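Visitor: Residue numbers (our numbering), protein chains in the order written: chain A, 1 to 309; chain B, 310 to 618; chain C, 619 to 927; chain D, 928 to 1236.
Honestly, the hints are just simulated from the structure, not real lab data. A hint or two may mislead.
The list that follows gives simulated cross-link-like pairs (lysine-lysine, DSS-like), each with its CA atoms no further than 27 Å apart [what the hints assert, rightly or not]:
1) D:LYS1139 / A:LYS264
2) A:LYS140 / D:LYS1191
3) B:LYS449 / C:LYS882
4) C:LYS630 / B:LYS532
5) B:LYS573 / C:LYS830
6) B:LYS532 / C:LYS882
7) C:LYS630 / B:LYS321
8) B:LYS532 / B:LYS321
9) A:LYS12 / A:LYS223
10) B:LYS573 / C:LYS630
11) A:LYS223 / A:LYS212
12) D:LYS1150 / A:LYS264
13) A:LYS212 / D:LYS1067
14) B:LYS521 / C:LYS882
15) D:LYS1139 / D:LYS1067
16) B:LYS521 / B:LYS449
17) C:LYS630 / C:LYS841
18) A:LYS12 / D:LYS1150
19) C:LYS699 / C:LYS758
20) A:LYS264 / D:LYS1008
21) A:LYS212 / A:LYS140
22) D:LYS939 / D:LYS1139
23) A:LYS12 / A:LYS212
24) C:LYS841 / B:LYS573
25) B:LYS573 / C:LYS758
26) D:LYS1191 / A:LYS223
27) C:LYS758 / C:LYS830
28) D:LYS1067 / A:LYS264
29) D:LYS939 / D:LYS1150
30) A:LYS223 / D:LYS1150
31) C:LYS841 / C:LYS830
These figures come from a predicted structure and were not determined experimentally.
Protein chains: 4
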Amino acid sequence: MDAVRERAFRHKDAAMIGRTHGVHAEPMTFGLKLALWHAELQRQLARLDCARATIAHGKLSGAVGAFSHLPPEVEEAVCAKLGLLPAPVSSQILQRDRHAEVMTTLALVAASLEKFATEIRALQRTELREVEEPFGSGQKGSSAMPHKRNPVGCEQVAGLARLVRANALASLENVALWHERDISHSSVERVIVPDSFLALDHMLARFTRIVKGMTVDEARMRKNLDLGRGLVFSGRLLLELTARGMRREDAYRVVQGHAMEAWKSEGDFRERVTHDPELRAVMSESEIADVFRLDRYLTHVDAIFARVF
Amino acid sequence: MDAVRERAFRHKDAAMIGRTHGVHAEPMTFGLKLALWHAELQRQLARLDCARATIAHGKLSGAVGAFSHLPPEVEEAVCAKLGLLPAPVSSQILQRDRHAEVMTTLALVAASLEKFATEIRALQRTELREVEEPFGSGQKGSSAMPHKRNPVGCEQVAGLARLVRANALASLENVALWHERDISHSSVERVIVPDSFLALDHMLARFTRIVKGMTVDEARMRKNLDLGRGLVFSGRLLLELTARGMRREDAYRVVQGHAMEAWKSEGDFRERVTHDPELRAVMSESEIADVFRLDRYLTHVDAIFARVF
Amino acid sequence: MDAVRERAFRHKDAAMIGRTHGVHAEPMTFGLKLALWHAELQRQLARLDCARATIAHGKLSGAVGAFSHLPPEVEEAVCAKLGLLPAPVSSQILQRDRHAEVMTTLALVAASLEKFATEIRALQRTELREVEEPFGSGQKGSSAMPHKRNPVGCEQVAGLARLVRANALASLENVALWHERDISHSSVERVIVPDSFLALDHMLARFTRIVKGMTVDEARMRKNLDLGRGLVFSGRLLLELTARGMRREDAYRVVQGHAMEAWKSEGDFRERVTHDPELRAVMSESEIADVFRLDRYLTHVDAIFARVF
Amino acid sequence: MDAVRERAFRHKDAAMIGRTHGVHAEPMTFGLKLALWHAELQRQLARLDCARATIAHGKLSGAVGAFSHLPPEVEEAVCAKLGLLPAPVSSQILQRDRHAEVMTTLALVAASLEKFATEIRALQRTELREVEEPFGSGQKGSSAMPHKRNPVGCEQVAGLARLVRANALASLENVALWHERDISHSSVERVIVPDSFLALDHMLARFTRIVKGMTVDEARMRKNLDLGRGLVFSGRLLLELTARGMRREDAYRVVQGHAMEAWKSEGDFRERVTHDPELRAVMSESEIADVFRLDRYLTHVDAIFARVF
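Same shape as in the complex, but just chain A:
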């Protein structure tokens, strides 16, 4: 989390295009993306704390939980020695909803890491190249293709999330044991508990190294942002037009028309709208220029950072 925070502040104002559906939407900054990760990790940390408190219980209540041969005081003393709380009531074992909470929490954490890793994988695509996970100077990206630098670390993180997720499921099936216990959960737990902890530990360690060492190409971010030559400001243009009294339907039709045309021909959207008489009837050239000011999109970044950190 420290690595994410450090990077978030470093790239707080690095303007980049925000993407929805994989398609350019509106400007944002890379720091904002990382602030969102940080807030998500804070939630995950809180969940892990809960799960830890749930599982840190012990029991010494006998074969069916009735304290047949030892009084509850012994359980309390032993648990205290082990730094555990005694389960208020137990069968032959601690109830497996506790373990399932731990395992589903691990799966939740893994799912967040999967999201972050998927983001970097996407940003490292050849056509985007905004972020690149660390690549050692002597490293081979591919034995057959010398030009390759692949986000294999992030791919591994994304993959392992599937494993941790699947294990969580098995843990949920372990809850409904028969009567005061059957041992069907045991073989499952011997696999899924160490595997999920090991996998998540590895994912966290590897992802931390990636965040610390990743190359962030702010120039490419800016270049990609400008790729649509103004297209991404179409939303604000729409708002300004309606604010000036144009009917929303009309505004949408005109703006979408130019947007689609610019998109198809890879033409200059800003150029087009600046010279459209219907738009110029309600907005001056300088007012239109104002629509395309990037800084107006980023004014609230500091406020968001103040909320998160």
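With chain A held as given, fit chains B, C and D onto it using these hints.
Guide: This is chains B, C and D only, laid out in the frame that chain A set:
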């Protein structure tokens, strides 16, 4: 939960056999079983509270979360009106780890209900018949077999847990959306969110009715407890023998020998051990009789209830 | 499978009560249960054959599947040497739907073993004791409770099915790789493929030993069958009454009335109906006696065996 | 499948960059990608046929499968009328491994559609824009951002695969019913069977429309292919150098050096290597030019098509 508590107290001292691996283990009470359910439901309630707090957030931060067209103050005011907290940072949407926490929590609750329902299904088996879910006077257990009274309510509860569990998994796959959102989660959520809430609501309502109306046959419980004619006290006998100086290996060998013999022939275990000279060398007849006192197994039930309730 | 077949024939005519919802339904034989297992294993074997054929493919088509540097003939020759078929088309890798078919097939097989194991676990319950998994002469069922003989082998088989099932799910998530391959599947497969094969191999070996060595107590089966003192014949009584012209509603009411009464009081159902004047009005004593003939329930066992084996 | 085939042939020779890890790898054609989809759909179709044959069975064997009240001949006659095969042996119900095979098969099909949809989503990214799912002339991509055209159809297909996958899991849990049946599977099947069939039917219909109507921008494909100015031919250069006697380590070092430099500076890889004296020592300018011939990468496309179709 009130129904479980009420029943727990009503059957607090109803002696029954505790079972591990489906096999008779040691005596306990039916109230103890219900106290364990109550404690588990308390944990589930706490989890639901957490999940509710996590999900009760709103966002109005624009297409990519940068508050491009509206300041954070508007978000705060709108959320306040809706009784929601504003997400400190968001993309086009609330991050789906929140929803996944809700869905996995529902799966945890469902898994507990599955466990309780499985317990009743087992106790309603013809050979056990200790508990029976409510059966209306005009109800048909089976159209073809007029003698049947089936735990169909508990079977339904157990089955639906599988559905809620599966849906939780899909919710975990919804976390890793692309960039500032893609809409792949939407079709999934339209199905799994209502289905899981509806299923769990139904499960809770139905299971509450079952707990309220179930027939608990304390006489049958006692009869089943005595089925092994003393076998279930073998653990205490072992302890008493070793406490009196017999080597544990010897004690185990002798006691297991009688136990297995009694088991095979459906003979009287107590009778056998009372007349075994090797045992009688270290324990008097009245000391052996003491081993078979049921009340010694149940002395801590009140203490457990004091912990839980 | 051979073990199941051998046991099926050995217990072909061992009468036992069939149970639905855990409740006594109608008579059947233990061999019939095993014949059903055999037929299910035959289906699983066919599925494994399919999956094996699907996965026994190779590829040597280069980095993206276009055979950039080697002609298809080399692929064909190499695959032939390895006893594989060449995939007609591939990307950098064999497509992962093939692996997912294998993994879901393993999960299907595991689910059947889980069913069989659950059956034995139930039949080994203290109150049923119809079947018992093998128990070594020097084995300890429980260190604390010398009388215990637990179906721990079947519990392990049932538990491991959860693991194989969960792994199948992860394999389905591995199908949708990016473009000509990303490597996110690799870390997952390194865990789930060996784990599922090892787990299932162990399950099959252990379950085979259990089937070979299990103790089948045909006397107890018969005893449990008679537990309801004729109750389980209520379905046939109903049919005979309606065949003799009694309205089905009337027949159901009368028969259910006696059945419920006999159930509650653990009384003798056959006794009751034999002396009911309403029934005797349409059936003679010997006709009623005929209803309770066990052999009439088992006449088609041979026909079923002929179908399966 | 017809739509995929038709498109495959239409774009058989449309050169595009093949991508591994999201990063440019080597040239291929768009038709090749579709041929791979077609082969995968053929496998899925075969699986569906198998699953259909497995499930097309009936039973009329009574309450526990022993044909207590009706002979097997009636079952055979009724099944024949319904176009079903009689299950060779059954309990109260058809065994649920049959249903689980159907449900896992649906999940396999859904996973393939998820893969195809994910491909189109990626190719529709603003920076790639090689393929676009159909977009109606009056359609709004986004109410707030008039310039947007989002792959929402493919996102929906990808999302629904999660649902079908989760349902398959629940179906696997339905296999291990108790004895001759318990009804816990019923509530689950009432949800998952129609939901999975409906979801997959919708996915197939929607994806077919997408394949039929998608815009394939072959010019953009070619433009993206040339983006790295020759980088993607580095693999062949490596091969040619070693074929001419250069040690592989040396060749890799030199080629990777140029590749990394060209990558970093977005410079011209071909230009660099053509003027490298170390390379020119073993290859003439025309030999190097030959390395960058696209057609040499695509010579085997027809052979692959001949295999698939």
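Visitor: Each hint needs a verdict: does it hold in this structure or not?
Guide: Quick rundown of the hints versus the structure:
Among the hinted pairs, LYS1139 (chain D) with LYS264 (chain A) is consistent with the structure: their alpha-carbon atoms are about 20 Å apart, no more than 27 Å. The straight-line distance between the Cα atoms of LYS140 (chain A) and LYS1191 (chain D) is roughly 16 Å, inside the 27 Å bound, and the hint therefore holds. Among the hinted pairs, LYS449 (chain B) with LYS882 (chain C) is consistent with the structure: their alpha-carbon atoms are about 16 Å apart, no more than 27 Å. At most 27 Å may separate the alpha-carbon atoms for a hinted pair to count; LYS630 (chain C) and LYS532 (chain B) exceed this at roughly 33 Å.
The straight-line distance between the Cα atoms of LYS573 (chain B) and LYS830 (chain C) is roughly 20 Å, inside the 27 Å bound, and the hint therefore holds. The hinted pair formed by LYS532 (chain B) and LYS882 (chain C) meets the criterion: a straight-line CA distance of about 15 Å does not exceed 27 Å. At roughly 46 Å between alpha-carbon atoms, LYS630 (chain C) and LYS321 (chain B) are farther apart than 27 Å, so this suggested pair is violated. Among the hinted pairs, LYS532 (chain B) with LYS321 (chain B) is consistent with the structure: their alpha-carbon atoms are about 18 Å apart, no more than 27 Å.
Of the supplied pair hints, the one linking LYS12 (chain A) and LYS223 (chain A) holds, its CA atoms being roughly 18 Å apart against a limit of 27 Å. Distance hint between LYS573 (chain B) and LYS630 (chain C) is fulfilled; the C-alpha atoms sit about 24 Å from each other, no more than 27 Å. With a CA separation close to 24 Å, the supplied pair LYS223 (chain A) and LYS212 (chain A) stays within the 27 Å bound. Proposed proximity of LYS1150 (chain D) and LYS264 (chain A) is supported: the alpha carbons are some 15 Å apart, at most 27 Å.
Annotation: proposed proximity of LYS212 (chain A) to LYS1067 (chain D) is violated, straight-line Cα distance about 40 Å (limit 27 Å). Between LYS521 (chain B) and LYS882 (chain C), the direct Cα distance comes to roughly 20 Å. Compliance with the 27 Å bound is thereby established for this hinted pair. Pair hint LYS1139 (chain D) plus LYS1067 (chain D) holds up; C-alpha atoms about 21 Å apart against a cutoff of 27 Å. Using a Cα cut-off of 27 Å, the hinted pair LYS521 (chain B) and LYS449 (chain B) holds, with the two alpha carbons roughly 20 Å apart.
Between the alpha carbons of LYS630 (chain C) and LYS841 (chain C) the distance comes to roughly 18 Å, so the proposed pair stays at or under 27 Å and holds. Between LYS12 (chain A) and LYS1150 (chain D), the direct Cα distance comes to roughly 33 Å. Violation of the 27 Å bound is thereby established for this hinted pair. Proposed proximity of LYS699 (chain C) and LYS758 (chain C) is contradicted: the alpha carbons are some 51 Å apart, above 27 Å. At most 27 Å may separate the alpha-carbon atoms for a hinted pair to count; LYS264 (chain A) and LYS1008 (chain D) exceed this at roughly 59 Å.
For the hint pairing LYS212 (chain A) with LYS140 (chain A), the CA-to-CA distance comes to about 20 Å; that is within 27 Å, so the pair holds. For the hint pairing LYS939 (chain D) with LYS1139 (chain D), the CA-to-CA distance comes to about 15 Å; that is within 27 Å, so the pair holds. Restraint check: the Cα-Cα separation between LYS12 (chain A) and LYS212 (chain A) comes to about 15 Å, which is no more than 27 Å; the hinted pair holds. Our distance criterion of 27 Å between C-alpha atoms is met by LYS841 (chain C) and LYS573 (chain B), whose separation comes to about 15 Å.
In summary, the hint linking LYS573 (chain B) to LYS758 (chain C) is supported, as the alpha carbons are separated by about 16 Å, within the 27 Å threshold. Among the hinted pairs, LYS1191 (chain D) with LYS223 (chain A) is consistent with the structure: their alpha-carbon atoms are about 15 Å apart, no more than 27 Å. At most 27 Å may separate the alpha-carbon atoms for a hinted pair to count; LYS758 (chain C) and LYS830 (chain C) meet this at roughly 20 Å. Annotation: proposed proximity of LYS1067 (chain D) to LYS264 (chain A) holds, straight-line Cα distance about 16 Å (limit 27 Å).
Annotation: proposed proximity of LYS939 (chain D) to LYS1150 (chain D) holds, straight-line Cα distance about 18 Å (limit 27 Å). A hinted pair counts as satisfied when its Cα atoms are at most 27 Å apart, and LYS223 (chain A) with LYS1150 (chain D) qualifies at roughly 17 Å. For the hint pairing LYS841 (chain C) with LYS830 (chain C), the CA-to-CA distance comes to about 24 Å; that is within 27 Å, so the pair holds.
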